[in-house]
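Novice: Below are the chains, spelled out letter by letter.
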Amino acid sequence: MSAREDTLARIAQNRPKGDHALPVVPNFAPLVGDDLEAEFGERLKRMGGRIAVPVPGEDPFAAVRERLDGAAVIASAVPEISGNRDLAQVARPQDLADVDVAIVRAVFGVAETGSVLFTQRELQVNAVAYLAQHLVVLLDPADILVNIQAAYRRADFAQAAYAVLHTGPSATADIEGVLIHGAQGVRSLTVILCPRGTTENATA
Amino acid sequence: MTNADQSGLREPAAESDRGQDGRPLQHAEAATQPVAVKAPREAQPRGAKIRGDRPIDQAEAAERFLAAPLHQKAHDARLWDLRSKRDTAAFGIPEWEELRELASQIKTHTLANLDRYLLEFEANAKANGVHVHWAADGADHNRIVHGILKDHGAKTLIKSKSMLTEECGFRHYMAGTGIEVIETDLGERIQQLDNEEPSHVVVPAVHKTRLDVAEVFAKTMGTDPENDDVHYLAESQRMHTRPLILNADAGMTGCNFAIAETGTVVTCTNEGNADLSGNVPKLQIHSIGIEKLIPKIEHLGVFIRLLSRSALGSPITQYTSHFRAPRDGTEMHMVLVDNGRSERLGMEEFWTSLKCIRCGACMNTCPVYRRSGGLSYGATYSGPIGLIIDPTFNKRKYSTLPFSSTMNGSCTNVCPVKINIHEQIFAWRKVLAEEHQIPLLKQGMMKAAGQVLSRPATYRAAIGAADSALKVLPRFAVYNPLNTWGKGREMPDSPRQTFHSWYKQNRMKKDGAR
Ligand code: SF4
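Protein chains in written order, with our numbering: chain A, 5 to 208; chain B, 14 to 527.
Everything labelled a hint here was simulated from the structure, so no lab data went into it. Treat each hint with caution, since some may be false.
To be verified - Only pairs whose alpha carbons sit at most 20 Å apart, straight line, appear in this in silico PhoX-like list of lysine-lysine:
#, chain 1, residue 1, chain 2, residue 2
1, B, 62, B, 408
2, B, 295, B, 309
3, B, 295, B, 163
4, A, 21, B, 295
5, B, 62, B, 410
6, B, 98, A, 49
Said to hold, decoys possible - Cβ pair distances, simulated, as ranges:
#, chain 1, residue 1, chain 2, residue 2, range
7, B, 407, A, 21, 49 to 57 Å
8, A, 146, B, 257, 39 to 47 Å
9, B, 37, A, 159, 48 to 56 Å
10, A, 62, B, 239, 30 to 38 Å
11, B, 62, A, 30, 46 to 54 Å
12, B, 164, A, 13, 26 to 34 Å
13, B, 407, A, 37, 26 to 34 Å
14, A, 201, B, 86, 55 to 63 Å
Idealized CB from N, CA, C, for every residue including glycine.
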């Protein structure tokens with residue numbers, strides 16, 4: 005018998021008897037207050053991320069302007085700002101190794117945890133969110149969901165080839181518990197609260 | 014630099030990165046009491062001596078760990094810190110107990126219908142364009158993965174941390190194939206470079222101090238042996254590993270949850286290395302223990318809320334990644350591994366151990382584990398969860414492990430999927446005694462102890478009041494000639510407060526305040 009048939013047969017024979025119905029998961033009350041923007045920002049900060057709320061009418065990228073000015077290679081996946089590395093032209097993920105700053109838009113945010121979701125559509129090249137030194141994320145405040153339960157009710161997870169929740173930057177505390185940002189992935193993650201389709205194209 | 018106190022320990026987390034508002038952060042794998050004393054350097058105690066199938070002498074290895082006070086103290090403090098953070102996180106969610114119950118029931122349901130869910134998973138993965146393989150055991154897994162790599166002419170493989178591949182002895186097997194395996198989780202990489210197994214399911218190098226790491230890195234990566242700054246060490250590793258990641262021919266990850274309805278593999282990590290492994294090379298492989306199945310995406314809404322809170326006390330890991338289908342022009346393989354799981358499903362007293370989501374909470378709370386280190390168990394899985402699953406892999410070799418417990422029940426209380434760990438530890442003692450894997454025990458006393466343990470509520474109330482299992486169980490059930498922990502030392506001072514009484518007290522406080 006093949007491993008497959010063998011395993012399936014043994015499970016059929018050994019599985020615990022009885023009904024063991026799948027429980028219905030109730031809709032739990034949110035852990036966060038009504039001000040989702042504030043709750044999201046506070047939780048993101050606790051997870052090592054940064055939050056920026058642009059002043060209306062002023063440069064939406066003010067919070068990361070210095071970082072952008074100092075960057076040699078910027079990869080933008082958003083219309084709000086243009087970089088100098090066109091993600092559509094990237095043949096291999098490895099070609100993004102020299103990216104200093106990547107800018108992407110989140111599908112949604114989660115207030116309970118300070119997380120943002122990306123799929124392959126927002127990232128264009130998935131690896132850019134890990135190979136870049138710094139990640140800048142645009143998030144429409146209207147796209148902030150209240151909790152993780154609400155997030156997993158979204159269709160994105162079943163549809164996307166790749167979907168990922170980022171909560172702050174890459175981190176480790178594997179050596180004596182000392183917290184280090186930028187273990188293997190991005191060294192920083194900044195979320196800019198910025199409604200979709202309202203910002204004029206700026207140049208990096 | 015911070016001041017060291019009398020014991021040679023620095024202020025906790027003083028060196029950690031800070032948040033946007035300057036406040037100290039603690040969202041990754043635990044804050045610590047960094048070790049400051051340099052000379053004379055205390056050598057890292059090594060793990061249990063492995064002699065074929067001969068029973069592991071955990072006590073002997075534990076003695077050596079205890080004889081290294083700097084290591085022992087740092088280890089104990091750091092894991093206790095994780096345990097405390099877990100308590101705070103759990104307390105922050107009013108529905109915590111309900112979530113644990115739901116998680117347990119979802120797992121029961123899935124395991125009771127595992128054949129059906131595996132077929133559903135397989136069909137969906139195939140429809141997504143994924144190559145699905147089935148491995149009977151560890152050796153089978155290693156052969157399959159090796160075959161995939163050979164087919165693609167791969168010479169290097171980057172991988173993220175996976176207890177399953179440890180269990181399969183994957184790295185050891187690959188050492189003889191000419192294909193280089195590169196661990197990319199920092200802790201796991203340290204262990205790989207030091208030729209040591211991981212000592213903890215979440216924090217693989219938790220038993221090492223920065224001095225130990227500096228020594229390993231100096232030897233293997235050529236870093237400055239005199240520089241034990243943690244930022245320097247971590248950055249050196251990043252710079253050293255990045256080219257290996259960019260040039261790798263293949264990538265591999267483990268799996269925290271496998272979703273039947275979509276064929277998705279979910280990984281929960283902090284470093285972003287699983288995402289690099291899955292998104293940079295053009296060949297990706299995911300190894301999946303068959304017990305990792307859950308029916309639907311919506312169930313992640315239960316498990317994701319429990320996992321990192323139980324493991325680290327953070328609301329979620331930095332990265333929760335959902336791999337469903339290959340990228341354009343790449344290949345994706347999933348290997349479903351049995352390795353004794355379908356057999357264990359038929360063990361009436363022990364099958365619920367298959368619910369484990371490898372959060373490590375039972376290890377962090379265990380007084381024996383904290384004071385003897387994961388490597389003293391001489392097995393892939395250490396701590397309380399190890400005691401109850403290791404004997405299913407090798408009854409003789411791990412026959413003494415179920416005796417390395419104080420039976421304080423704390424593991425059961427923190428387990429997010431409600432495995433009755435301490436009762437299973439006791440049940441193993443009986444099984445191993447009856448099967449003469451260990452010398453005959455005093456059957457009558459074991460029976461009496463079994464009766465107490467079979468009523469969890471009574472047992473918890475009793476040890477809560479007495480603050481020690483010793484007051485409730487016959488002395489023999491706790492200490493006996495084979496209780497590797499009890500030998501030569503009394504019960505460790507009882508944990509400051511049992512979880513249940515802590516929980517009740519604090520819950521009441523909070524409810525009252527509302
Ligand atoms: S047995 Fe429970 S507490 Fe221990 S690692 Fe598994 S899930 Fe976590």
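Novice: Flag every earlier hint the structure violates by its number, smallest first.
Specialist: 2, 4, 7, 9, 10 and 13
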